[in-house]
Amino acid sequence: MFRRVVAPLLALAPLAAQSTWVVDADGRPGAHFADLPAAVGAAQTGDTLLVRAASFPYTAFATDKGLRVLGVGDPVLYAPRWVPVVRVTNLPSTATFVIDGFHVPPESSFEVVLAANAGLVVLSHLRALESCNCGPGVMLPPGFAISDCAQVVVDSCENFGKPAIDVLRSEVAITRTRLGMNAIGVGWGNCLHVDGGRVDVAESELDASLAMDVLGNAQPAVRLRAGRLRVGATNASYVQGSTIRGMAFLQPAIEVGGGDLELDLDVRLNPFAGGGIPLRMLGGTLTVRQTAMAVVRSAAIGGVLSADAITTALAPVVLFAGLPIAPTPTAPFGTLWLDPSASLVLGFGTAPASGIVSGAIALPNGLPPGLIVSLQCVADLGAGLELSSPSLVTLR
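Each number in the working numbering comes from the position in the sequence shown (counting from 1) with 901 added on.
Just so you know, these hints were derived from the structure itself, not from any lab.
From the three backbone atoms N, C-alpha and C, an ideal C-beta is built for every residue, glycine too.
Treat each hint with caution, since some may be false.
Pairwise CB distance ranges (calculated) [to be verified]: (1) Arg982 to Gln919: 49 to 59 Å; (2) Phe957 to Gly1250: 45 to 55 Å; (3) Gln919 to Val1189: 46 to 56 Å; (4) Ala939 to Arg982: 17 to 27 Å; (5) Thr990 to Ser920: 15 to 25 Å; (6) Tyr979 to Ala1017: 22 to 32 Å.
Derived SDA-like pairs: lysine to any residue, alpha-carbon spacing no greater than 25 Å straight-line [unchecked claim]: (7) Lys966 to Ala939; (8) Lys966 to Trp983; (9) Lys966 to Ala935; (10) Lys966 to Ser920; (11) Lys966 to Gln919; (12) Lys966 to Ser1057; (13) Lys966 to Pro1007; (14) Lys966 to Phe934; (15) Lys966 to Val1014; (16) Lys966 to Leu1224.
All chains, please: the whole structure from these sequences, using the hints.
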């Protein structure tokens, strides 16, 4: 049974990493490169770069190749403000780019530019540690700027900016991510701006409590101008607009000027004291209903992949895990993010009162670091079967 379950992942393992290179700015034994841009330039599509934490930061890089850039020991990336530390453009549809396990120095947002990518781009475990002094009169670039991309995943990241994530005509899944206020309670700028495309947000904290523009005006946490935005919820997730006392203070959690907003019934909007109205509808459409989510709980090579399907009580649900594919519309069920021919059933059943159906499998040591696994559930919420928001995780 075990071999049959993990066979879809093992079959792709030889293809997932052609060569592995070690990057070490301190030049310790076993290193192939001391400079990250040089390593990226020399690597071929499919290669893996293991970047060791060093005594000083690594510099910014740009690429159009499918690589796995994996930080070892939480290394630092640095570039001056308005210079992205990572730029990925024109990635072909057959390629996957993954960057996982880096942080930027204090006073810096994690600036990434993704543009015109047909392939899958995964941003995982990227962290901005502290806010900068970027209140009134201070310009701040977007954290993750995503435009004209076919498939982008932001998982387990922590970032700020103006906004923290800017999406233009792109398909994006955001999971287990903290935007705006960071883990130590500081941060500036609003959280998410969507102007075209489709964006799914699940199990994330979008906190714009201190958001203001260069004039000192308070800001909503999320702005939707065009496209479709779906926001799912667990007990740990929320959307908080600015509570700054000043011009236009007490902002909504979400402002909709156009497009389609879909909110889960359990989404917490402006849960903290001092927030304004939860929602401002200037245009577009709003749907509020129970949705389904796939939420990763743990994922470690040589350990366990465990996840939950979260839905409404008494709903029949099946939780799948498999290899990712380009987002594929499957009307009327929704958008498919995993390959049916390279997937397995992680859990199934009728949801109990908690609405949670869990599943887990052991992951063998033979899987290559940086392999991406996609999770999605199918649930019957009363109007027929539908696909949940996706959750993609980077295996390490």
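Hints and how they fare:
1. In this structure the hint that Arg982 and Gln919 lie 49 to 59 Å apart at CB is violated, the actual value being about 35 Å.
2. Evaluation of the 45 to 55 Å hint for Phe957 and Gly1250 yields a pass: the beta carbon distance comes to about 52 Å.
3. The hint said 46 to 56 Å for the Cβ distance between Gln919 and Val1189, and at roughly 47 Å that hint holds.
4. Separated by about 24 Å at the C-beta atoms, Ala939 and Arg982 satisfy the suggested range of 17 to 27 Å.
5. A hinted range of 15 to 25 Å holds for the C-beta pair Thr990 and Ser920, which are about 23 Å apart.
6. Between Tyr979 and Ala1017 the C-beta distance comes to about 25 Å, which sits within the given range of 22 to 32 Å.
7. For the hint pairing Lys966 with Ala939, the CA-to-CA distance comes to about 14 Å; that is within 25 Å, so the pair holds.
8. Restraint check for Lys966 and Trp983: the C-alpha separation of about 23 Å stays at or below 25 Å, so the hint holds.
9. With a CA separation close to 20 Å, the supplied pair Lys966 and Ala935 stays within the 25 Å bound.
10. For the given pair, Lys966 sits about 14 Å from Ser920 by alpha-carbon distance, which is consistent with the 25 Å threshold.
11. A hinted pair counts as satisfied when its Cα atoms are at most 25 Å apart, and Lys966 with Gln919 qualifies at roughly 13 Å.
12. A C-alpha spacing of about 23 Å is found between Lys966 and Ser1057, which places the hinted pair at or below 25 Å, so the restraint holds.
13. Proposed proximity of Lys966 and Pro1007 is contradicted: the alpha carbons are some 29 Å apart, above 25 Å.
14. Distance check on the hinted pair: Lys966 and Phe934 sit about 18 Å apart at the alpha-carbon level, within 25 Å; holds.
15. Only pairs whose Cα atoms come within 25 Å are accepted, and Lys966 paired with Val1014 is accepted, the gap being roughly 14 Å.
16. At most 25 Å may separate the alpha-carbon atoms for a hinted pair to count; Lys966 and Leu1224 meet this at roughly 20 Å.
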